[in-house]
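Trainee: All chains should be built: construct the whole structure from the sequences, respecting the hints.
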Amino acid sequence: MPKVTIDGQTIDVPAGTTILQAARMIGGDIVPPAMCYYSKLKTSGGYCRTCIVQVSQGSTADPRPMPKPVASCRTNVMDGMVVKNITSPEVLEARAGVVEFLLLNHPLDCPICDQAGECHLQDLGYEHGKADTRYEFERRTFEKIDIGNYIQLHMTRCILCYRCVKVADQLTDGRVHGVINRGEVSEISTYIQNAIDNDLSGNMIDVCPVGALTDKTFRFKNRVWFTKPADANCTCTKCTGKVRLWFKGDEILRVTARKDEYGEVVDWICNECRFKKRKLSDWVIEGPAKVNRHSVISQNHYESLRAIQFDTRLQTAVLNGHKSKLGEGPLNPNNL
Amino acid sequence: MGKKLLLDKVGVAGIQKYDVYRREGGYAAVEKALKALTPEIILDEVKKSGLRGRGGAGFPTGMKWSFLAKPPGVPRHLVCNADESEPGTFKDRYLMEKLPHLLIEGMITSSFALGANTSYIYIRGEYAYIYKILETAIQEAYKAGWLGKNILGTGYDLDLYMQIGAGAYICGEETALLESLEGKRGNPRIKPPFPAIAGLWGRPTVVNNVETLMAVVPIINFGGEAYSKIGIGRSTGTKLISASGHINKPGVYEIDLGLPVEEFIYSQEYCGGILGGRKMKAVVAGGSSVPILPTELILRTAKGEPRLMTYESLGDGGFATGTMLGSGGFIVMDESTSIVKNLYTFSRFYHHESCGQCSPCREGTGWMEKILHKVLSGHGTLRDIDLLWDIQQKIDGKTICPLGEAAAWPVASAIRHFRSEFEDFVKNPQSIQDVKHYYRLTGEKA
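In order, the protein sequences belong to chains A and B. The first sequence begins at 12 in the working numbering and counts up one residue at a time. The second sequence begins at -15 in the working numbering and counts up one residue at a time.
Covered stretches of chain A, as calculated for chain B (at least 3 residues, CB under 8 Å):
1) 50 to 59
2) 71 to 84
3) 105 to 112
4) 145 to 158
Covered stretches of chain B (in silico footprint by chain A; criterion: 3 or more residues with CB under 8 Å from a CB of chain A, positions within the stretch not fixed):
5) 332 to 339
6) 346 to 356
7) 382 to 392
To be clear, the hints were calculated from the coordinates, so they are not data collected in a lab. In this text, all values refer to a predicted model and were calculated from it rather than measured experimentally. For every residue, glycine included, the Cβ atom is placed at its ideal position computed from N, Cα and C.
Mentor: This is how it looks when you write it as C-alpha cells:
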C-alpha cells in the first residue's frame, strides 16, 4: 500500500487513491477544497484548480519534486510521496489566486441567490479568498435560458465546474446538456433549449456548487437558514428514497438528496421525490439532519451555548474574561 | 550553408506529384525500413539521431516513441499534428504544401516503427487548401501501393486518414487534438494518463509534429549517426524557422541547429537584416508564446556568449534572460514597434483561444487583455502593471494544458524587459497615439 505524507501526516492508502482522497482519509484542515471534483462522478475534477497542492517529493523511487503545483483531485499518490498543502505559502497564494479568478465574473448577488447559505463558493471565498477584488471591468452576463419547469439556470453565477454535465452524461439517458462556446464565454446549456425531462436530472441542482442551478419549486420561497433539515425516506421505485426534507414549520419547502461532510450527495434521488412529494404523509421522518456547526444553517439549531452560560466559570473562560453581552438582563440564566 | 535535409528537393518542378517525387528518390526510406529494418532498429536510429520534437516542446522523439505502451491485441495509432496555429509559425504549412509525399513517407516509416496500422493527420481548419493537396497525395500513394494492405509485399498494412479541424488553436495541444479527432469538443485532457498509454479512443497513441515526422525520412536514409553529427550538443539536425516581422527576407528557412542568431538575422542567406536598415528592438524566437527578448539578450546570452539557434543556447539563463526555440516562429521587431501594443495583440489572441475548461486561464486571459486594453486607451495606472505581473504569475503553471503558460509568458517577459514602455504609456497617455514614441524614449530623432 502506498504511503503518502500530507502536511506532515502520514497515511497508508490503497493504490490508485488520489491525493485529495488520501487527505480526506486523514481529515481536518489539510483537506484541500474542491469545487469541481465530485467523488461520485467519474472523470470529474481538475478544472477549477482550487485543490492544487505542492508535491515536494514525487515518490521513494523518484524523489524529485514536481515542477508545478498539481490538482490533488486528479493526481494519484505514489509510495513515499510528500505533499504540502496548507504548509506551503505558495499553495495558499496560488489558491487565493484561483479564488479570485472564480469570483472575477461571479455576480456576487448572494442576497437574492437561493444558494446563499449552502454555497461552496461563499465558503471558499470566506476561507481562502481575499477581502477585496482587483477586477474593475464589467462582469460577464449571459442570456437567460429556460431549461424546463423544475430547474432554474443562472448562467452568470456558474463557475464551469462541469459537475452538472457529468450528471447529465452519467446519470441520465440521452445527453441534451453540455457546454457550448469557448473560453470565457463558454456556458452550460441544453442544446436548442431542450427541456431536461428525465428522472434523475434534478441531481444537477445538488451537485452545483453555486447558485447556477437551483430548484424552481423552492425559488425565492425562503432562505435556507430559516428552514430546518430532517432526514426522511419513502418507498420509491426509481431511487433509494433517502432524502433530506427542508421544513418551515410543518411545511416541506424543499426536498434534496442527503449530503456528506464534503457537500457530496450520498444517494442520488429521482425527480418525483424531489419535486412532487411535498406532503408530510409522503414521508417517514427519521430525525433531524446533522448540520455542520460552521454552516449558517446551524443557526439556532444548537442550544449548547445556554449550558455554557449556566456555568459561570466556563463562561469566563470561553469569553476570555469579558462579560457576557447578555449582561445583567433578564435573559442571563443566572437571573432566571 | 548546411546541407538541406527536408527542403533539398523543394525547388524541383511538380514535386507535389507522386511520379516526380518518386523519380527524385522519394519513398526510399519506406523501402529501406519495411524491407531491411525492423521497428526496433528504426527506433534505435531515431534515438541515436537525437531528434527532438519540432512542434515546440523539444521532447526527444525517440524517448517519446519508446514510452508507447504495447499491450497485446490493442491497436496503436500514430497521429500527425498538423494543427499549426502558433502566431508567427508557418513552417508546416510550407512543408505540407510543397512536399506532401515527404509527410506521407515519414508517416509510413514512423507508423511501421510504432506498429500502428491506422494513422491520422489532423490538419488545421484554415489549411483547407492543403487538405486537398495532401488528400490527392494520399490517393496517389494508395494507388502506387505505399498505403493499404500488404505494403511492398511485406505483410504490413497501413491506412492513413485525414481529419480537418474547425480552426481552434487549442486543438494543437495533443490531448485536445485527440478529443477533437474523436469527434468531441476540443478540450485538453487531464494528464496523466499520457497519450502514450491511453490516447486516441483510449489506445496507445503517439502524436508528432509534421516536421518531426518528415525528419524521420533523412534519418532512415542517412542513418541516425549522420543526422546527429549536424548541430551542437543535444540540438541535432536541421530545423525549419519561420522568419517574419521587420526583416528584409521573411520566409521559411532550413538551418542547421547551432547557427548564431546574429548570422541568421543579418546574413543575406537568411533574413537579410532589418527592414530599411533600422535598428532591431526585440525578437520573439519561437512563436508568440515564448518570452520576448530585447536585442542585447537575443544576440548574446547574459554571460556574453553569442546566442545560437539551439534549444540549449536560446534557453540559457532561464526565463530571466533567456527564451525558447519553441516551434521556430522567429518574429523580429524593429525600433518602431510598440511592445505594449504587440503584447495586447498576443493577449487578445490567447483570450480568444482559451478553451474555458480551467479557471485560471479562462478568467485570467480575459483579465489581462482588458487591463492591456485599459493601458492602451490611456487609462492605465502604475498599479495595473504590477497587477498584470501578479495575474500572469497566478496563471503560470496552474492550468491543465500549456495554453495558460503560453498566455502568461509573453506578458511576463514584456514587463520584465520593457517595463519602461508600460510606464511611459501610463505616465504619458498621449504617446500611445504617437507611432514613433520609442524615439522619444531614447532621445533619438525619428
